[in-house]
Amino acid sequence: MTTQRTEKQILIDLREAREGYAALASNENSTQAQLRDAAAAVKALNAELGEYIVRGADPCECNATPMGMLKTPGYYDQAKGVDVPAVWEVGCVYCNPVLVEREDGKALIIDDATKTVKRRSFSARATTPEEAVRKWNEKLWVEDFYFYRMKGFTPVYAPEAKV
Amino acid sequence: MATFNKINSFVEAVNEKVHNMGADQLTVFLTTNANAPVATNTQLSNITQISYTNLSSRNITTSTSAQTSGTYKLVLTDLVLTASGAVATFRMVGIYNDTATNDELICWYDYGADVTLANGETFTLDFDGTNGLYQMA
Numbered sequence: 001m002t003t004q005r006t007e008k009q010i011l012i013d014l015r016e017a018r019e020g021y022a023a024l025a026s027n028e029n030s031t032q033a034q035l036r037d038a039a040a041a042v043k044a045l046n047a048e049l050g051e052y053i054v055r056g057a058d059p060c061e062c063n064a065t066p067m068g069m070l071k072t073p074g075y076y077d078q079a080k081g082v083d084v085p086a087v088w089e090v091g092c093v094y095c096n097p098v099l100v101e102r103e104d105g106k107a108l109i110i111d112d113a114t115k116t117v118k119r120r121s122f123s124a125r126a127t128t129p130e131e132a133v134r135k136w137n138e139k140l141w142v143e144d145f146y147f148y149r150m151k152g153f154t155p156v157y158a159p160e161a162k163v
Numbered sequence: 164m165a166t167f168n169k170i171n172s173f174v175e176a177v178n179e180k181v182h183n184m185g186a187d188q189l190t191v192f193l194t195t196n197a198n199a200p201v202a203t204n205t206q207l208s209n210i211t212q213i214s215y216t217n218l219s220s221r222n223i224t225t226s227t228s229a230q231t232s233g234t235y236k237l238v239l240t241d242l243v244l245t246a247s248g249a250v251a252t253f254r255m256v257g258i259y260n261d262t263a264t265n266d267e268l269i270c271w272y273d274y275g276a277d278v279t280l281a282n283g284e285t286f287t288l289d290f291d292g293t294n295g296l297y298q299m300a
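Top to bottom, those sequences are chains A and B.
For the first sequence, my numbering gives the first residue as 1, with consecutive numbering after it.
For the second sequence, my numbering gives the first residue as 164, with consecutive numbering after it.
Since the hints were made in silico from the structure, they are not lab data.
Treat the numbers as computed from the prediction; the structure is a model and nothing was measured.
Where is the CB? At the ideal position from N, CA and C, for every residue including glycine.
It is possible that part of the hints are untrue.
Unchecked claim - With the C-beta cut set under 10 angstroms, the calculated list includes, among others, these residues of chain A facing chain B:
hint : residue
1    : 9
2    : 40
3    : 99
4    : 100
What the hints assert, rightly or not - Here are the in silico distance ranges between beta carbons for each label pair:
hint : chain 1 : residue 1 : chain 2 : residue 2 : range
5    : A       : 40        : B       : 179       : 32 to 42 angstroms
6    : A       : 96        : B       : 165       : 12 to 22 angstroms
7    : B       : 166       : A       : 159       : 20 to 30 angstroms
8    : B       : 276       : A       : 74        : 24 to 34 angstroms
9    : A       : 160       : B       : 165       : 17 to 27 angstroms
10   : B       : 212       : A       : 27        : 40 to 50 angstroms
11   : B       : 197       : A       : 139       : 43 to 53 angstroms
12   : A       : 127       : B       : 274       : 23 to 33 angstroms
13   : A       : 75        : B       : 211       : 23 to 33 angstroms
14   : B       : 197       : A       : 16        : 33 to 43 angstroms
As the list claims (entries may be wrong) - To list a few chain B residues with every Cβ distance to chain A over 12 angstroms, as calculated:
hint : residue
15   : 171
16   : 179
17   : 180
18   : 195
19   : 196
20   : 202
21   : 206
22   : 210
23   : 214
24   : 229
25   : 231
26   : 244
27   : 252
28   : 289
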């Protein structure tokens with residue numbers, strides 16, 4: 001019986017693998033094979049971390065397995081004197097974000113009409129991997145205003161939009 | 164709104180074995196508006212950076228670098244920069260490959276206004292989660 005490793009253990013191994021790869025990359029005597037193997041180890045650990053995070057997550061509507069990632073590492077906010085928790089994300093790397101109409105959205109001109117919209121990403125975020133999976137399974141998507149990050153879309157703001 | 168700007172030579176470098184985006188160490192550089200990067204810059208030595216005194220690590224963590232059905236996506240973990248004292252003013256935030264031979268440049272963002280960090284303040288580089296920093300198809 002194998003025991004699944006925790007994200008902490010995986011992150012430690014990942015850091016070591018990255019350091020090993022960096023050391024090889026900066027050594028002019030390293031062979032291509034050594035570099036290839038070291039890079040493969042880094043990718044494998046990234047994949048293991050992603051699989052760990054998405055345990056229990058339903059497939060995306062496109063049938064792809066979602067990806068798990070540490071979106072923002074936790075840190076100490078000295079100015080506010082608080083620990084800011086890490087943010088984990090479960091999302092689909094294949095489904096592109098879409099615009100959705102929302103009352104608290106921004107006014108954009110779309111097809112010659114003003115619509116109040118947000119950008120919906122097919123991803124869910126929370127402060128633990130488990131909570132991110134729960135929100136993913138309940139389709140509690142991330143919605144934001146990063147319209148300019150949408151591939152092939154240039155937002156045109158309506159005069160009433162506060163940008 | 165931080166606007167994304169591509170370094171022209173990146174698209175060639177990434178196709179000529181300069182970068183291994185899946186394992187190389189990507190790192191942030193910061194500049195003032197007066198020393199803003201231009202698309203024809205190619206490597207870090209072309210850039211006049213600010214002093215990084217009192218600033219935390221600028222290393223970025225790559226979450227995934229993979230393709231499916233012919234579309235490649237690079238996904239990065241956000242980077243939280245923390246000041247342990249006053250940090251020089253900056254406006255441009257760029258990314259370069261610290262593992263590549265000449266620290267080749269990748270892209271930069273213009274934050275539209277000067278950013279100052281006092282002791283204890285943080286600045287988060289909010290990359291686009293599973294949607295990725297960039298895609299190639």
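Point to revise | List of violated hint numbers, smallest to largest | key: As far as the earlier hints go, 1, 3, 4, 5, 10, 17, 24, 25, 26 and 28 are violated by this structure, in ascending order.
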